[in-house]
Amino acid sequence: MSGQTVSFVMAGSGGAGVVTAGSLLLEAAARAGWYAYMTRSSGPQIRGGEAAVMIRLGTAPISSHDDCFHLLVAVDWQNVGRFAAEIPLDADSLIIGDPGEGEAPEVFVRSGAKVVDLPMKALAKGVPGGRPNMVAFGAIAAMIGLPEDIVIGVLQDSLKRKGAEAIAASIAAFRAGVEAAVEFPAVPRLPVGNSDTSERWSITGNEATGMGALRGGVRFVAAYPITPATEVLEWLAPALPKVGGVLVQAEDELASINQIIGGSYGGVPSLTATSGPGLALMTESLGLAVAAEVPIVVVDVMRVGPSTGIATKSEQSDLNIAVYGLHGDAPHLVLAPTSVADCLFTTQWAVHLAESLQTAAIVLTDQAMGQARAVIPRSAAIAFIGQREKPAALAEGAQYKRYANTASGVSPMAIPGMAGLTYTADGLEHNETGTPSSQASDHQAQLDKRLRKLTGYNYGDHWAEISGDEDADTAIVTWGSSAGPAREALERLRAAGQAVKLVAVRLISPVQPEKFERVMKGVRRALVVEQSHSGQFHRYLRAQYDLPREVHALHHPGPLAVRPGAIVDQILQWS
Amino acid sequence: MDACAKQREYSAKDYKSDVKPIWCPGCGDFSVLAAITRALASMQLAPENVAVVSGIGCSSRIPAYTSVYGFHGVHGRALPVATGLKIARPDLTVLVTGGDGDGFSIGGNHFLHACRRNVDLTYIVMDNQVYGMTKGQASPTTAPDWEGSKLTPDGAGINPFHPLVVALAAGANFIARCSSSDPNNVADIITQAIRHPGFSLVQVLSPCVTFRPEQQEWKHMVRTAVVDATDDAARAARRLMTDDGFNVGKVLYKGSRPAYQPEPKGGVAVAELEADFAL
Ligand SMILES: Cc1ncc(C[n+]2csc(CCOP(=O)(O)OP(=O)(O)O)c2C)c(N)n1
Ligand code: SF4
Numbered sequence: 001m002s003g004q005t006v007s008f009v010m011a012g013s014g015g016a017g018v019v020t021a022g023s024l025l026l027e028a029a030a031r032a033g034w035y036a037y038m039t040r041s042s043g044p045q046i047r048g049g050e051a052a053v054m055i056r057l058g059t060a061p062i063s064s065h066d067d068c069f070h071l072l073v074a075v076d077w078q079n080v081g082r083f084a085a086e087i088p089l090d091a092d093s094l095i096i097g098d099p100g101e102g103e104a105p106e107v108f109v110r111s112g113a114k115v116v117d118l119p120m121k122a123l124a125k126g127v128p129g130g131r132p133n134m135v136a137f138g139a140i141a142a143m144i145g146l147p148e149d150i151v152i153g154v155l156q157d158s159l160k161r162k163g164a165e166a167i168a169a170s171i172a173a174f175r176a177g178v179e180a181a182v183e184f185p186a187v188p189r190l191p192v193g194n195s196d197t198s199e200r201w202s203i204t205g206n207e208a209t210g211m212g213a214l215r216g217g218v219r220f221v222a223a224y225p226i227t228p229a230t231e232v233l234e235w236l237a238p239a240l241p242k243v244g245g246v247l248v249q250a251e252d253e254l255a256s257i258n259q260i261i262g263g264s265y266g267g268v269p270s271l272t273a274t275s276g277p278g279l280a281l282m283t284e285s286l287g288l289a290v291a292a293e294v295p296i297v298v299v300d301v302m303r304v305g306p307s308t309g310i311a312t313k314s315e316q317s318d319l320n321i322a323v324y325g326l327h328g329d330a331p332h333l334v335l336a337p338t339s340v341a342d343c344l345f346t347t348q349w350a351v352h353l354a355e356s357l358q359t360a361a362i363v364l365t366d367q368a369m370g371q372a373r374a375v376i377p378r379s380a381a382i383a384f385i386g387q388r389e390k391p392a393a394l395a396e397g398a399q400y401k402r403y404a405n406t407a408s409g410v411s412p413m414a415i416p417g418m419a420g421l422t423y424t425a426d427g428l429e430h431n432e433t434g435t436p437s438s439q440a441s442d443h444q445a446q447l448d449k450r451l452r453k454l455t456g457y458n459y460g461d462h463w464a465e466i467s468g469d470e471d472a473d474t475a476i477v478t479w480g481s482s483a484g485p486a487r488e489a490l491e492r493l494r495a496a497g498q499a500v501k502l503v504a505v506r507l508i509s510p511v512q513p514e515k516f517e518r519v520m521k522g523v524r525r526a527l528v529v530e531q532s533h534s535g536q537f538h539r540y541l542r543a544q545y546d547l548p549r550e551v552h553a554l555h556h557p558g559p560l561a562v563r564p565g566a567i568v569d570q571i572l573q574w575s
Numbered sequence: 001m002d003a004c005a006k007q008r009e010y011s012a013k014d015y016k017s018d019v020k021p022i023w024c025p026g027c028g029d030f031s032v033l034a035a036i037t038r039a040l041a042s043m044q045l046a047p048e049n050v051a052v053v054s055g056i057g058c059s060s061r062i063p064a065y066t067s068v069y070g071f072h073g074v075h076g077r078a079l080p081v082a083t084g085l086k087i088a089r090p091d092l093t094v095l096v097t098g099g100d101g102d103g104f105s106i107g108g109n110h111f112l113h114a115c116r117r118n119v120d121l122t123y124i125v126m127d128n129q130v131y132g133m134t135k136g137q138a139s140p141t142t143a144p145d146w147e148g149s150k151l152t153p154d155g156a157g158i159n160p161f162h163p164l165v166v167a168l169a170a171g172a173n174f175i176a177r178c179s180s181s182d183p184n185n186v187a188d189i190i191t192q193a194i195r196h197p198g199f200s201l202v203q204v205l206s207p208c209v210t211f212r213p214e215q216q217e218w219k220h221m222v223r224t225a226v227v228d229a230t231d232d233a234a235r236a237a238r239r240l241m242t243d244d245g246f247n248v249g250k251v252l253y254k255g256s257r258p259a260y261q262p263e264p265k266g267g268v269a270v271a272e273l274e275a276d277f278a279l
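Order-wise, the sequence lines are chains X and A. For what it's worth, my numbering labels the leading residue of the first sequence as 1, then goes sequentially. For what it's worth, my numbering labels the leading residue of the second sequence as 1, then goes sequentially.
If we strip away everything but chain X, and leave its shape as in the complex, we get (with noise of 0.2 Å):
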């Protein structure tokens, strides 16, 4: 991590009101001029239950947690302790309780860190309509250096449906928390007035991912709810009628999946969002999209797996399934993006290649990702949007040939309304003209055409983002979410002198072999990074691609994310 940073984590049961005390605090630290990075995690409880925000605030993009966090501030204690592990301190953190509300759990004080009192409750109870959370964020907000001025503009607009009381209420409760917090222990301050002027977002990853499907000009969505994929949907439903398109909510996730299968046959780039309950129904009409050569987009918010799993946790275990799960052979695309601004970059290069191959992308993204928002840059257009190539006027008696087989492996697709090229599109085996066929001539013939549209096409640089120090020995080989920690281990190493690239692969399928190999070139050792239990992606790879003798693995199942400290030791104690 360039410049410096500080995280804290807010907790308490469910109701406390963290994730708006959360909310209010980065919304400030962006004001501020800083960047943001804040995830959140909560038990499987439909409302209340206990809740925590973590939140990271620097002075350049964050990508990543720390390894551990500065300051633990609990409204009250309830259940925190259940989020322990992925609460890690260490002797230099600081454990905020409020002391009405018992002692700190033993998992946190285990850690060594400074535990202080803040009477949250009873300080709120001074302040006519005051709420403990409000105590807790005007500690933080002194603790971290956050301008008071920029503190009470962001309550006065949040809370302006509220009215005058309700502002003046939080404010003298948040004065209250600042005021407590001068007597305690020093963590790391952010300097205010950062130089940077450049025009940046709050945008969480399933909103990037909405954004995306939009600039990539898909207009038909059909999709049935899943945590974490779910906002995905909620953010594209006013979104997608003012630009002139709709969304469906479907009866299940194979009506999803097929009506967007009809939508895109009409004509119209089309995309549905779930997450791995929903892909593993959705896998035998991927398979329909790939052999009819409809060009679809289906969008995982990969969650805990197997089964129904973890709803509200992450992990990287949906690699297979989207690799691996159709019958038949089935070439398709997979990707993924390696951050929450990425969301939006690869899910609209996605829409750009199934509408320009005609066939199904599966877009990995994961709910530490998907539910984390993070203060960007603003996100760059970019030129790709759908691009289907459509039949030229056939000559009086001449047949069209839908599944023609053509040098590029792509077929001029035409779409229903457009005179003298009606044909049937089949999931079938078929011939050139989509008449069914059961003869090895023609299997042969699609099966060839539709796997060389996807090897033979040039997807550029962005098969993978690569940094670090070009010829650089030592790589450091990752996907997705796990991209975060990868790349502030890449700085963290080169800051201690070591010479190390990073290659986080966006385009998972079709693999780019000589691409891989040329950035690899002089690589001698690679360390695989992923939350998986069984490496999937490190087994992706080794079936896949030439590595390097020397790999080690660096993979564990999710809820708890990768930290950029554990890659760092793997390669330092690589001898």
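Quick caveat, the hints were computed from the structure, so don't treat them as lab data. It is possible that part of the hints are untrue.
Said to hold, decoys possible - Part of the chain A face toward chain X, derived, beta carbon under 7 Å:
1) Leu-45
2) Ala-51
3) Ser-67
4) Gly-70
5) Thr-83
6) Ile-87
7) Pro-90
8) Ile-106
9) Thr-191
10) Lys-265
11) Phe-277
12) Leu-279
Glycine included, C-beta positions come from ideal geometry on N, C-alpha and C.
Dock chain A with the ligands against the given chain X, drawing on the hints supplied.
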């Protein structure tokens, strides 16, 4: 209409492709195919503005045999494909064709929700009370004591599904039954179904001569229903619950629920939505 278009008259032949059906000689589906092309000709719909969508089964082969736009998907999912197509392209006339297995077993959930959603589709189910394509197993409409399947040698043992009653309860807007032995009547009913807004269900008794040869008797068993279409759901339910399944040739229920067709508003550039995120 320009002069040229005025001259053009479509005949049933113009809607037929030259792909030769794989069906067994005598299969009821031949006359349903003929009825569909006749219905389209009677309406003079330009072939490029019509789409026929299906799932999997003998009856689901229909799209390949027509020369309109066709979509032959996977088993049980024809209705969602058609739903997406019609919502994305409301200008098209969308027909859905298939069998009782495809529609009421694997596709049962979609059937319920298609009735409920009431998108303007015409769903033509060729009901032969058997899975023809997989060589003769019990379907949801098979009688419980039919012992012709090796999978259920003692009979299916469960009550048949009553598609028309279910469709009515789920909210279908147009319900009719006809018999493949009278293709002109089938064509007429399909024409009415296409004209009627919302979700229309046309059940066609269409014998499977290979696995249910006894169904060849159906042509002698069917009788023209002595009712007119009602818009009273309770009355329709009573009729449907009490008839023996051989009253054909008529529209049995015709509702007036408006079709579901979300209207995109449009007019906003994608770039304008970015304002949501700007600090
Ligand atoms: C997912 C899936 N399961 C099973 C099948 C096998 N299958 C093909 S057609 C069919 C039944 C068709 O019966 P019906 O819809 O009544 O049509 P018919 O052939 O009688 O016209 C089945 C079970 C399949 N193709 N896909
Ligand atoms: S098996 Fe039955 S339904 Fe299938 S084509 Fe033959 S007669 Fe028709």
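Consistency of the hints with the structure:
1. The beta carbon of Leu-45 of chain A comes no nearer than 12 Å to any beta carbon in chain X, farther than 7 Å, and the hint placing it at the interface is violated.
2. A distance limit of 7 Å between C-beta atoms decides the matter here; for Ala-51 of chain A the minimum to chain X is near 5 Å, and the interface restraint holds.
3. Interface restraint check: Ser-67 of chain A against chain X, minimum CB-CB distance 6 Å, threshold 7 Å, status holds.
4. The interface hint given for Gly-70 of chain A is met, as the beta carbon of that residue sits about 3 Å from the closest beta carbon of chain X, less than 7 Å.
5. With its C-beta approaching chain X no nearer than about 5 Å, Thr-83 of chain A sits inside the 7 Å limit, and its interface hint holds.
6. At a threshold of 7 Å, the smallest CB-CB gap from Ile-87 of chain A to chain X is about 6 Å, leaving the interface hint in force.
7. About 10 Å separates the beta-carbon of Pro-90 of chain A from the nearest beta-carbon of chain X, more than 7 Å, and the hint is not met.
8. The restraint placing Ile-106 of chain A at the interface with chain X is violated, with a minimum CB-CB distance near 9 Å, outside the 7 Å limit.
9. This hint is violated: Thr-191 of chain A has a C-beta 20 Å from the nearest C-beta of chain X, more than the 7 Å allowed.
10. For the restraint placing Lys-265 of chain A at the interface with chain X, the shortest Cβ-Cβ distance is roughly 5 Å, inside the 7 Å limit, so the hint holds.
11. Contact between Phe-277 of chain A and chain X, as hinted, is supported at the beta carbon level, the nearest pair being about 4 Å apart and thus within 7 Å.
12. Interface restraint check for Leu-279 of chain A: the shortest CB-CB distance to chain X comes to about 5 Å, inside 7 Å, so the restraint holds.
Violation of the numbered hints given earlier is confined to hints 1, 7, 8 and 9; the remaining hints are satisfied by the structure.
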